[in-house]
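Visitor: Sequence:
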Amino acid sequence: MARYAAIDVGTNTVLLLVAEPRAGRFEPVLERMRITRLGKGVDATGRFDDAALLATVDAIVGFADEARAAGAVEFVCAATSAARDAANGAEFCRLVAERAGVVPEIISGALEARLSYEATLREVGAERALAIVDIGGGSTEITFEGFSQSFDIGSVRLTESHAPSDPPSAQELSAMRERIACELGALPTPPAMARLVGIAGTVTTIAAVVRQVAPYDPAKLHLSKLARDEIEGALALFTSLPLAERAKLIGMEPKRADVIIAGTLILLEVMERLGTSELVVSDRGLRWGLLYQRFGAALAAT
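Add 11 to a position in the sequence shown, counting from 1, and you land on the number used in the working numbering.
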């Protein structure tokens, strides 16, 4: 049976999914994640940091090799916020194509939001309206019926621009909240009784810490629920600890510990704006949307 691979190249993380069509849906065969911080310094310099660029290319090369060994016959690779902003994005795409044999596409924020939304609909179901929040390193996408927008605020971008103390002071946290509120502007009200679904690393990491899940296991977190007071409790914990201690928390990915406070602040502001006290955690984000968009026709034969 043919297998297909999707690689999601974000500002903070590179994600690999290899899946095969089975009974009208894709079933995962192999999943990998590596934090390479491709967007390091992009907000300030407008260019990829050389070391971060090479680390990301190396990660994609390794993932492509693993995917082929697992039987992947076709690939889709998409780069998001950092690649949209970096002046040397074409150089990155060229290096990936030369070394990995995979041609990356730099996709718009609008397409990123739509693909994540469609993937979430398949997983969570559409019996109730959905509102999707996807907090990345460089941008945050919010999508629900009649509204979809990519905002230039993410966990890496916010952390780098504010360079808070370790741990951050109350004044610094307040300044970060003000920046988030300014970037988000006036969000419209989602459909009545819409369920909020959170995707990507900020949400899954908060869930892993709250539920004490280590090592990371999507089976224990995917489609679980997080209450707003649990997220606020996680924020209080994160902000009470210096980075070295925060990185040791059960469920924390150490390389995400420096940006988790910013990501959590964004999540709480979104929940406040949308008027929701709970969200559904989803482990199925952009890479799943890419897979269904590019290779969905393969499902017809299953």
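Hints listed in this document are in silico derivations from the structure and should not be mistaken for laboratory results.
Wrong hints could be hidden among the right ones.
Label pairs and their calculated CB-CB ranges [what the hints assert, rightly or not]:
hint	residue 1	residue 2	range
1	239	261	20 to 30 Å
2	288	199	33 to 43 Å
3	102	204	17 to 27 Å
Keeping only pairs whose Cα atoms sit at most 30 Å apart, straight-line, the calculated DSBU-like set for lysine-lysine is [what the hints assert, rightly or not]:
hint	residue 1	residue 2
4	236	266
5	231	259
6	231	266
7	259	236
Idealized CB from N, CA, C, for every residue including glycine.
Visitor: Each of the hints needs a verdict: does it hold here or not?
Guide: How the hints compare with the structure:
1. 239 / 261: 20 to 30 Å: Since residue 239 and residue 261 have Cβ atoms about 22 Å apart, the given range 20 to 30 Å holds.
2. 288 / 199: 33 to 43 Å: At roughly 19 Å between Cβ atoms, residue 199 and residue 288 fall outside 33 to 43 Å, so the hint is violated.
3. 102 / 204: 17 to 27 Å: violated (47 Å)
4. 236 / 266: Given pair residue 236, residue 266 holds - Cα atoms ~24 Å apart, limit 30 Å.
5. 231 / 259: holds (20 Å)
6. 231 / 266: Status holds; Cα separation ~21 Å.
7. 259 / 236: Answer holds: residue 259 to residue 236 is near 24 Å, not above 30 Å.
Consistency note: the structure conflicts with the earlier hints numbered 2, 3.
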